[in-house]
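Q: Produce the complete structure using the sequences and hints provided.
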Amino acid sequence: MNTDLEKLVFKWITTETNKVDVSGDFYCQTRDVFEARNDKMPEELIKKGLDDSLAYLVYAMAGELGNNAFDHNVGNWPNIMGAFYAFDYDGKDGIIIIADRGVGVLNSLRKAVPDLKDDLDALEMAFTKKISSRVLENRGNGLKFVRGNVSKNNLLLEFFSGNAKADLNHEMKISVSDQIVAGCLVILKFQNI
Amino acid sequence: MKIEIAKFGNKLVSRPSGREAYLAMESYLLKDLQKDEPIEIDFLGVKALTPSWADEVVTKIAERFSNVKLLNTENSTVEATLKTLREYSDLKI
Chain A
1 MNTDLEKLVF
11 KWITTETNKV
21 DVSGDFYCQT
31 RDVFEARNDK
41 MPEELIKKGL
51 DDSLAYLVYA
61 MAGELGNNAF
71 DHNVGNWPNI
81 MGAFYAFDYD
91 GKDGIIIIAD
101 RGVGVLNSLR
111 KAVPDLKDDL
121 DALEMAFTKK
131 ISSRVLENRG
141 NGLKFVRGNV
151 SKNNLLLEFF
161 SGNAKADLNH
171 EMKISVSDQI
181 VAGCLVILKF
191 QNI
Chain B
1 MKIEIAKFGN
11 KLVSRPSGRE
21 AYLAMESYLL
31 KDLQKDEPIE
41 IDFLGVKALT
51 PSWADEVVTK
61 IAERFSNVKL
71 LNTENSTVEA
81 TLKTLREYSD
91 LKI
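Going line by line, the protein sequences match chains A and B. Counting in my numbering, the first sequence runs from 1 upward without gaps. Counting in my numbering, the second sequence runs from 1 upward without gaps.
Derived by calculation from the structure, the hints in this document are not laboratory data. A quick note: this is a predicted structure, and the numbers were derived from the prediction, not measured. Cβ atoms here follow ideal geometry from the backbone N, Cα and C, with glycine treated the same way. Do not rely on the hints blindly, as some may be mistaken.
Stated by the list, open to error - Pair by pair, the computed Cβ-Cβ distance ranges are:
#1 A:Ser23 <-> B:Asn67: 50 to 60 Å
#2 A:Thr3 <-> B:Glu20: 32 to 42 Å
#3 A:Asn18 <-> B:Ala6: 23 to 33 Å
#4 B:Glu79 <-> A:Asp178: 36 to 46 Å
#5 A:Asp115 <-> B:Arg86: 41 to 51 Å
#6 A:Ile193 <-> B:Glu87: 21 to 31 Å
#7 A:Lys40 <-> B:Lys92: 31 to 41 Å
#8 B:Pro38 <-> A:Lys117: 41 to 51 Å
#9 A:Lys92 <-> B:Asn67: 40 to 50 Å
#10 B:Glu4 <-> A:Asp88: 33 to 43 Å
#11 B:Arg86 <-> A:Asp52: 20 to 30 Å
#12 B:Lys31 <-> A:Asp51: 37 to 47 Å
#13 B:Ala6 <-> A:Asn192: 37 to 47 Å
#14 B:Glu20 <-> A:Lys40: 30 to 40 Å
A: This is the structure we're talking about:
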């Protein structure tokens, strides 16, 4: 953790249910709220000098990541419904953070692959195989899109779920995390071209 | 038949909005067309596209029609989306 936003999101996702901040600007209770806020993001980044193409690319990636939070938890939130969503750009370095207190990747994918072993296996599968917990629908390509764009555009992405963490750049490394995240937490970092 | 994708918005992200767009296309644009009708999907003016939105539209059009062309695909999110759909959603165009 090295920014205030990162500290804030880890606090948001690990705090007790009755103490979660659901009144702040970062909280999106429904998909509509998330999309309305995300839709303003690329133009705000461009106004601060970010390259147009990169701004719309990270916007599209955030769209996939944020919609995932709602797609895989709607009607099934364990405690607080919705997502934490924040972004910042200082003219050189940018960050986008999306988190949810949902069921997490392992519990979600186990609906389609019951013998998945642990959080690490689940993250590996989510980023590399065409699979979705919504087994009756043809889904499951959003994280591959994110991974491809991270690699191609030299971005940095950290994805936490359960006790696993995926670090993505040109390669993907999955490891045990010292942060337990019940749900999912994604940090995307980018720099102006 | 040319389908101008930007008429559905220039930032096309979520699967529900893609589904809604395809339902509208089915009712107003694609309804009485034969399988071999030439279809052009034009991305001119699109600023951002995701696989979730496009999977509900482009993949479905490609499954239904045999003669589909893609126009103005230079936008980086359009390119990346089409690449993802070809790899993971069996898009053949």
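Q: Confirm or reject each hint.
A: Comparing the hints with the structure gives:
no., hint, in the structure
1, A:Ser23 <-> B:Asn67: 50 to 60 Å, "54 Å, holds"
2, A:Thr3 <-> B:Glu20: 32 to 42 Å, "37 Å, holds"
3, A:Asn18 <-> B:Ala6: 23 to 33 Å, "46 Å, violated"
4, B:Glu79 <-> A:Asp178: 36 to 46 Å, "37 Å, holds"
5, A:Asp115 <-> B:Arg86: 41 to 51 Å, "29 Å, violated"
6, A:Ile193 <-> B:Glu87: 21 to 31 Å, "25 Å, holds"
7, A:Lys40 <-> B:Lys92: 31 to 41 Å, "36 Å, holds"
8, B:Pro38 <-> A:Lys117: 41 to 51 Å, "49 Å, holds"
9, A:Lys92 <-> B:Asn67: 40 to 50 Å, "48 Å, holds"
10, B:Glu4 <-> A:Asp88: 33 to 43 Å, "35 Å, holds"
11, B:Arg86 <-> A:Asp52: 20 to 30 Å, "25 Å, holds"
12, B:Lys31 <-> A:Asp51: 37 to 47 Å, "41 Å, holds"
13, B:Ala6 <-> A:Asn192: 37 to 47 Å, "27 Å, violated"
14, B:Glu20 <-> A:Lys40: 30 to 40 Å, "21 Å, violated"
Going down the numbered hints, you'll see the structure goes against 3, 5, 13, 14, while the others check out.
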